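Engineer: What follows is each chain in one-letter form.
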Amino acid sequence: MPPRPHTLSRRALIGAAALTTAGCSFGSLDPDAEDPTYTPTSTPSESAAGPATTEPQPADPDAEVASQAAVELLTAQQVAKETAKAYPALADRLDPIARLHRAQAGELGGGQVTTVVVIEQGEPRAKVLRRIERSEQALQEHLVAAALAADSGALARLLASMAAATAQHRETL
Amino acid sequence: MTYLDGLQATLEAEYAAVFVVGYLGAQTSASADPKLDELLRTTFAVHRTRRDELSAAILAEGAEPIAAAPSYDLPTVGTGDSAAIRAEALRLEKACGATYGYLVASAPSAKRSWAVDALLDSALRELALGGPPRANPGR
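Which chain is which? The protein sequence lines are Y and C, in order.
Take the first sequence: its position 18, counted from the start at 1, is 18 in the numbering used here, and no numbers get skipped.
Take the second sequence: its position 109, counted from the start at 1, is 282 in the numbering used here, and no numbers get skipped.
Note that these hints are calculated values from the structure, not bench results.
All figures in this text were calculated on a predicted structure; none of them were measured in a lab.
You may find that some hints are simply not true.
Below 20 angstroms or equal to it, Euclidean Cα-Cα: the simulated SDA-like pairs (lysine to any residue) are [claimed, not checked]:
#1 C:284 with Y:67
#2 C:208 with Y:171
#3 C:208 with C:238
#4 C:208 with Y:99
#5 C:284 with Y:102
#6 C:267 with Y:85
#7 Y:85 with Y:107
Pairwise CB distance ranges (calculated) [unchecked claim]:
#8 Y:124 with C:202: 40 to 48 angstroms
#9 C:234 with Y:64: 44 to 52 angstroms
#10 C:268 with Y:63: 48 to 56 angstroms
#11 C:286 with Y:59: 21 to 29 angstroms
Rough simulated footprint, nothing fancy, chain C against chain Y, three-plus residues with beta-carbon under 8 angstroms [as the list claims (entries may be wrong)]:
#12 95–103
#13 157–166
Think of the CB as a built atom: it goes at the ideal place given N, C-alpha and C, for glycine as much as any other residue.
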């Protein structure tokens, strides 16, 4: 049986990924907080029903930063998860990475990736690990850039911490 | 907390780190554990450099860097007890990482990169000191 020929790079997946995040605001976070955590400001159903007042709500300058970071995290999580399925011998290395990114995305409000990630079968172990390493490096670089771009100090700290955790887990590959 | 407060707090942490890592290095046997000895020498140099960079950054903000304390609390480790020395160095590095995270939060976007770089480097040093990967370094 020939190997399955379709492989998607993570970059390609990023462009194709469709993700929705719950309504969130980082502007309300206290930059001085010791452990800044994300708290949704509204539930999706509340958002659908509209705000209680008719006054226009100020735009959250960090909403796009957080949303893009969540896309990157969930895509990397999918890549690690599907690779672990395709290469069970690597699951002990990849499952913790997938769990980490899932939890990180949750801290940013969560979301859903609708793209199906397909991993090529039958590749040498070293090649598979190099691909994951590139995927994680790209994620780390995105998180660092997002931390530098964030308006909120609390979000910046959260994103920088996620980048640092990603760097640590890369070392275990 | 202002950016300047964050810089001063981080400088204070670096003073303590230089002091304590220097002590831990002195308790380490270079012949019995050359790897740990080298790691602590590198760690010492990194924190000393950061101390100087932070002092310069504070001066650039038009403020006076705080002075180091005469002494800092030292951990209780036996001479040549590599496991205990490594554990204390790891504990210290985690604390420094949290301080860098604090500085990330207090810094304006344009002045944040130093703290982010320090946080990433510190997270990797945790691994070198025997710590496991974790979900929230710097927090």
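Engineer: Among the hints numbered above, which are violated by the structure, and what are their numbers in rising order?
Structural biologist: As far as the earlier hints go, 1, 3, 4, 5, 6, 7, 9, 10 are violated by this structure, in ascending order.
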